[in-house]
Amino acid sequence: MLMDNDKISTRQAIVFLISIAIGAGILSLPRQVDEMAGQDGWISIILGGIITLIGGLIVAALVARQKEDAVKISEKLAGRFITWVIGVFYIIYFLMISAVVNQTSAEVINQFLLEHTPKGFTIFSILLLGFYAVRVGIEPAVRTVMVLFPSAMFVFALIIFTCLSKAKIDEILPVMTTPFKNIFFASQQTLFALEGFEVLLFLAPYLRKPEKAKIIVTLYTAVTTLFYLFITVVTFMVLGKNETKFFVWPVFMMIRGITAPGEVFERLDAFAITIWVVQIFTTLVGYYFSTAIIVKSLFNLKEESYLSAVFLPLFYFAANLPNNFAENKDLAGYVNYLIYPAAFFIPAFLLLLSFLKKAGGKS
Amino acid sequence: MRPLKKLFKTLFNTEKTEIYHKKDIYPDTSRKLNKDIKENLKILSEEYFIDCDDVILREFDVMDASGKRHRMAVVWIDGLVDKQLIQDHVIKALLIFGREMPPAAGADRFLLLIKESFLTAADLKESDNFGEAVLAVLSGDTLLLLDGVGKTLIISSRGWEKRSIQEPSTEAVIHGPKDGFTETFRINVAQVRRRIKDPNLKIKTIRLGRHTRTDVAVMYIKGIANPKVVEEFLKRLDKVDVESIMDAGYLEQYIEDSWASPFPLFRRTERPDVVSAALLEGCVALICDNTPYALIAPVTFWSLFHSAEDFYERWHIATLVRYLRFLAVFTATSAPALYVAFVSFHPGLLPTDLALSIGASREGVPFSSSIEALIMMTALELLREAGVRLPGPIGQTIGIVGGLVVGEAAVRAGIVSPIMVIVIAVNAISSFAIPSYSVAIGFRLLTFIFLALSSLAGLYGIAIGYIWFVLYLCTLKSFGANYLDPFVNLDPEKMEDLMVRYPLRFMSKRPDFTHPLDETTINKELLSKIQSGDEDADG
Numbered sequence: 001m002l003m004d005n006d007k008i009s010t011r012q013a014i015v016f017l018i019s020i021a022i023g024a025g026i027l028s029l030p031r032q033v034d035e036m037a038g039q040d041g042w043i044s045i046i047l048g049g050i051i052t053l054i055g056g057l058i059v060a061a062l063v064a065r066q067k068e069d070a071v072k073i074s075e076k077l078a079g080r081f082i083t084w085v086i087g088v089f090y091i092i093y094f095l096m097i098s099a100v101v102n103q104t105s106a107e108v109i110n111q112f113l114l115e116h117t118p119k120g121f122t123i124f125s126i127l128l129l130g131f132y133a134v135r136v137g138i139e140p141a142v143r144t145v146m147v148l149f150p151s152a153m154f155v156f157a158l159i160i161f162t163c164l165s166k167a168k169i170d171e172i173l174p175v176m177t178t179p180f181k182n183i184f185f186a187s188q189q190t191l192f193a194l195e196g197f198e199v200l201l202f203l204a205p206y207l208r209k210p211e212k213a214k215i216i217v218t219l220y221t222a223v224t225t226l227f228y229l230f231i232t233v234v235t236f237m238v239l240g241k242n243e244t245k246f247f248v249w250p251v252f253m254m255i256r257g258i259t260a261p262g263e264v265f266e267r268l269d270a271f272a273i274t275i276w277v278v279q280i281f282t283t284l285v286g287y288y289f290s291t292a293i294i295v296k297s298l299f300n301l302k303e304e305s306y307l308s309a310v311f312l313p314l315f316y317f318a319a320n321l322p323n324n325f326a327e328n329k330d331l332a333g334y335v336n337y338l339i340y341p342a343a344f345f346i347p348a349f350l351l352l353l354s355f356l357k358k359a360g361g362k363s
Numbered sequence: 364m365r366p367l368k369k370l371f372k373t374l375f376n377t378e379k380t381e382i383y384h385k386k387d388i389y390p391d392t393s394r395k396l397n398k399d400i401k402e403n404l405k406i407l408s409e410e411y412f413i414d415c416d417d418v419i420l421r422e423f424d425v426m427d428a429s430g431k432r433h434r435m436a437v438v439w440i441d442g443l444v445d446k447q448l449i450q451d452h453v454i455k456a457l458l459i460f461g462r463e464m465p466p467a468a469g470a471d472r473f474l475l476l477i478k479e480s481f482l483t484a485a486d487l488k489e490s491d492n493f494g495e496a497v498l499a500v501l502s503g504d505t506l507l508l509l510d511g512v513g514k515t516l517i518i519s520s521r522g523w524e525k526r527s528i529q530e531p532s533t534e535a536v537i538h539g540p541k542d543g544f545t546e547t548f549r550i551n552v553a554q555v556r557r558r559i560k561d562p563n564l565k566i567k568t569i570r571l572g573r574h575t576r577t578d579v580a581v582m583y584i585k586g587i588a589n590p591k592v593v594e595e596f597l598k599r600l601d602k603v604d605v606e607s608i609m610d611a612g613y614l615e616q617y618i619e620d621s622w623a624s625p626f627p628l629f630r631r632t633e634r635p636d637v638v639s640a641a642l643l644e645g646c647v648a649l650i651c652d653n654t655p656y657a658l659i660a661p662v663t664f665w666s667l668f669h670s671a672e673d674f675y676e677r678w679h680i681a682t683l684v685r686y687l688r689f690l691a692v693f694t695a696t697s698a699p700a701l702y703v704a705f706v707s708f709h710p711g712l713l714p715t716d717l718a719l720s721i722g723a724s725r726e727g728v729p730f731s732s733s734i735e736a737l738i739m740m741t742a743l744e745l746l747r748e749a750g751v752r753l754p755g756p757i758g759q760t761i762g763i764v765g766g767l768v769v770g771e772a773a774v775r776a777g778i779v780s781p782i783m784v785i786v787i788a789v790n791a792i793s794s795f796a797i798p799s800y801s802v803a804i805g806f807r808l809l810t811f812i813f814l815a816l817s818s819l820a821g822l823y824g825i826a827i828g829y830i831w832f833v834l835y836l837c838t839l840k841s842f843g844a845n846y847l848d849p850f851v852n853l854d855p856e857k858m859e860d861l862m863v864r865y866p867l868r869f870m871s872k873r874p875d876f877t878h879p880l881d882e883t884t885i886n887k888e889l890l891s892k893i894q895s896g897d898e899d900a901d902g
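Protein sequences, first through last, are from chains A and B. Residue numbers 1 to 363, in this note's numbering, belong to the letters of the first sequence in order. Residue numbers 364 to 902, in this note's numbering, belong to the letters of the second sequence in order.
Only chain B is shown next, with the shape it has when bound in the complex (with noise of 0.2 Å):
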């Protein structure tokens, strides 16, 4: 009993934050650097740094012009340091241009002397004590310490071997921007600072995991993005205290609003450009280092449906294209379903030519259409897992003898019919049709779901399922949205971006479901005069 207990309790547990044993994951500052160098270097290699061969300690001396000799170090990590940088600008320019240094009166005018005159890298910090010193270290900067003062000098020189920006492989458009996310977290954020330029662009960065110490980053547009949404954001993040966040994905299932949904709760983007855009409509994004993708919060359903291109392209094309996804997601839940009912249960229903035709290349298949239709779409998902796991040119080969030399030879061996062959690839082509991934990857699931209802009755049971279905999506909201908004609400005025994608200049309002401080896109004052009637308000 007591493990079904415990199921039990997980499983409608949705306050899970006891699970997490919360314990700091910012550096202890208690421990203060002592004035002497040797006992600094002492703590430092015996004790944080034993038995850490990547570390690298530095000591040298610095004459000053009074001829008197300063004890300094210099500690990094090989490979995660720009090593020209301190090369450059704090070994060579204390050694060579220190014989220049006035004598100092006491630890901290020296101190100042070198942070201020001499030293030339770009960026640095001081610090007190060993947690943080060793944190800065851990993260790619290198600490300069000085002897009989009992401060270190932090100087920012991280710069490691690092992907460059390319073109995002799962988003790729036609026409527009072509620089995807990478790997370097810095490198990420500054992407999409450089689209918005405006102060009002906030990023508030924290750190994640125990042993890893992930930097995340909460971006959103003061003035717009709602704050209340902003602070869910950061009030769950806080609670998340887990050992490590390998990847945005961790973060995504430790914050969302339902872990049981099938489908994402979060839009997954490789572009930029889309997380600029999601900025400006008043949602969040999170940006988790060594994740080439943004997760954006709030998000709808139909949101996850858009792709950057419909934005890029002229409005005729973006709505046909819609109209395409809708079918594309009619298909991908029920293109099998709908021939097994109307195989096995409605004949009558198909017009004459075809139910005989169906009939005919069903002769000799031994099994029922819905075995027929599992084997089929059991092999389809084999092949697609097999496919991606695999390196390019391989994966094709998948590809040619999954598809063409089984498939073939299945259908004439008879233990397929043709004609659901023919289903099986509409049913997957759509699903890939789907631009978010994640979102294709739930209809997949959908689609046994759905095949096993049809299996039982039919046409009844595929509007059981819609229903259920429906009914679900309504029941998942993502921080104070609505799954399925706009649909829910059938307002007019919330109609811009749903069944017509407007033309950019009359688009002037923002999507309610983020609760957007500002709604409107336009200039306030241009508005009311078009309200109330003024005809020269372009003027």
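If we strip away everything but chain A, and leave its shape as in the complex, we get (with noise of 0.2 Å):
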């Protein structure tokens, strides 16, 4: 009646896409970081923060040019074969990235939380709550995000902050004692975790204001950063430098080790994990809204709620396809040589079109 349900503000959309990016990547990063670099490892997080935001602003200069979904800017400026290229290309991107977050909340959730409960049930009820998001319609669901993420985030700051008693600042010191080449590899690694602003190239036609896409992909991409910086900081100076590398998911069991302030609880592992558990649904929600928009403006639909139905089952098949720790590390692997393309080259090669098409205009 009085306000449009399907756009969403500068401040709504920053906070979507922070909430995309933090969640699976907050488990790994650490241990990625320091196989490769050792305790430069945080450097190689700033690098990866640089590469991102490239990344990040290509993105913004195509959304604020044109104001309109991937799919439709690459049907009016580079046809309709090569629109289906990268709109089966984009969702087979999201179900596999998906699938990695899945399979690891699975994993982690098996592991720390509910050890006799199959995993089928936990990627399914996650998958269920993510298609009644994307039932509701974008609107609902982003707010849903701006209510429940920064509560997740505030809480497991608090977490994060117990640990820092027993921090010791000389693990990460002296700093630069690793080659620059090792840094720079290891911010490859970091890509998985930083990623997510590809999923602004979706959100673009609800944005109430396009133009200001720039101002949101640097704010996301600084607090993302920090927000990876400091836990991978405060893991290396609890854990230690060295022994970082050998646990499969080090923040946890940093948080494990220590106990809540005045003996409330033993462990506060399992509150992480529960609060983590908000930080993956609000990873997923993204990528099901953009399999959702992009499947919309593939066959030209006026509604998504309804497709996310269809997509129900294939998030949950994609996301049994690796069976173990080590399948999904595998699968982690490869999804991470497909961000390059979906986050980099995909968008830049957009930008280029849209240039010369409006160059070509004018001549």
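Treat the hints with caution; some may be incorrect.
[Unchecked claim] No farther apart than 30 Å at their CA atoms in a straight line, the calculated lysine-lysine pairs in the DSS-like style are these: (1) B:LYS401 to A:LYS302; (2) A:LYS7 to B:LYS478; (3) A:LYS72 to A:LYS302; (4) B:LYS872 to A:LYS7; (5) B:LYS598 to B:LYS560; (6) A:LYS302 to B:LYS598; (7) B:LYS514 to B:LYS560; (8) A:LYS212 to B:LYS872; (9) B:LYS514 to B:LYS541; (10) B:LYS478 to B:LYS401; (11) A:LYS7 to B:LYS525; (12) B:LYS591 to A:LYS209; (13) B:LYS872 to A:LYS209; (14) B:LYS525 to B:LYS591; (15) B:LYS455 to B:LYS525.
Calculated from the structure, these hints are not laboratory results. No experiment lies behind these values; they were computed from the predicted model shown.
With the hints as a guide, bring both chains together as one complex.
Shown next as structure tokens:
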């Protein structure tokens, strides 16, 4: 009646994108950078943040110019065939990346929280919520993220802060002892944790002010990078620079080791994981929505909300592809390669086309 | 299949206008009164009011100065009118002072003479048809019929036995006004009017219900309330075409945004001061006859957690109480669920000593903790329901017998563990620490859902439950206001009344969920002076 139901404000878009980026990556990031860059791993995160910012700015420039989702843009600029290639690629990309996220969350919940519950239950229940979120529409879903994500982050930050009592600063000193090559390669591993901005490509038609996309990605990159930097540095300082790489999920091992102040709770890891489930949900909602929007644009449909029902079994099937931790790690490795085309090359290609088109149009 | 289809249709049909049979509830004005008083009386007593023994018809003659007799009659319903008023200001005035009446030329002149010079009653109206006249009698007015005139005078004489203004029973405050709404429409409206002495306070009255013909007033402040909200209110009320409106609760269910919501999309209040404050925030209030509370919309989830006293007390206390209510929401939804999750799924999380003492207290309890919680919660709901309906003294007995005797015995008999009793008690107390009863009841329902989820999947189930809960609340709207406003914006400018209740002198903005026309409460010139950095702004 008084408010349009499918527009999101700039502030909401920033929080939504951050909530997509912060999720499954928290768990393995300290291990990954420690494996390759040792105690200077945190520098690779800053480097990764800079790379993310470049990709983000490309996406933002494209969105601010065209004000439409990527599929519509490429339909206008590159023709039907390339559009289908791009669309199918993105669908596979989002399916794969959410499969990794889903499988990771199921694995962690199985190990730390519910030992006897089958993985299928945890995967399906969270996908069902994602389905409901897409079903009710983008605006209520984003509003939900606006409520859940800051509160989850607040509690999570509190838990991390209680870990600081065991932190030793000399674990990350001295700096720059690793060759720069290693730091650079490690920074490539951080992309999986830091990405999320490519969802903006599909969020564009819902933005109230798409011209502010640059501000969105800049703030997004700053917050995500700082958050991961903070987590990684604390993990290094608590667990030790040499020990971090031996843990599968170092952050939770760190949290497991502490007792709540005042000994209200013996351990905090289960709380951290419960909070983390919320972050996983917000991540999945972003991917779920993007997939729905791609299909909607490919087939020129009016409503995307019913499509989510089609995706539920698809996402569930994808999430069950990797069966154990090792297979999931392999899949995550492949997905890491897919990030380059998904978040950098395709947006850059479309941006280039849009420049060319404009130049062509003038002459 | 057909009943299934019908159910599906009703469940997913959001615009349910066609289930009502549109029929005009306003009086039929086409049937005109006759000139002859005998004809009129005959129609009234043999058509409209046949077998209505409470209708009283009294005929009398008034002799004017020239000695000419005029036949007149008064009609009213016994018990609905102020008899003293009819006696003193109608019958007495006409019979005694009528003799001084000069002979009038023509019927209209005669009517004017009676109306302007002889009837001493305060409020008079004219009508020329049966529809209006009959409705007026039914509403407690008195008709004065005159011979030879095709019109009747409607004398406002409503005066029935009514409850006097009392302290609101569900929204008591320690410091603050103690007058509450009653069942009488006019008194309720006047109580609000008395607080806002401003011609911009508009009151639109309509009648609803084909049989009950209940008066409903829509109140708003012109210049603050968004006209679109007011328009939407009137539009939805206009669509309500039902037989009866017994209580504003009927109306609430007919015009709310979502019928599926367990939480109210209107704020109910018994307090005129709350209504006035809400009107000044840009809300629209609805006062319904026979209802001792008003409905306020648009409303947000958070505004249902405000009590009138929050704004009368100093801000430190009011802020602290807000956090207490946050805590109450948390324990009201998930105290039993958390207990079950800890005991059944994650005992390792508890401090060792506590885990041991819980284990010891559960020794001998034959049920799993979720069944135990379910038994206790059901017992508590039964106690609550029994206590609400019973008169005061017996209600207390129920509390003592149920709470103390049976609770103690159940623990001794080893059916439930003592810690479970504590958990359920904390849960119940929290849900009643929420100021709005209708919200508290919604939370009682949620407790069961959360219990089920946590019995299934422990803390993970509770997390899933909260995500679903917030997602659901985010889909709700009340007259254009997001139900979870202002949490969903995170706009620092709109936080004035959220985490901290600002001291009143710094509270300069109306909440924006009402989309008010006038967004600030302070003087505009003053505001621009402050913004332009003029230091002598308060001069």
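Legend entry - Numbers of the earlier hints that this structure fails to satisfy, in rising order: 1, 2, 7, 9, 11, 14
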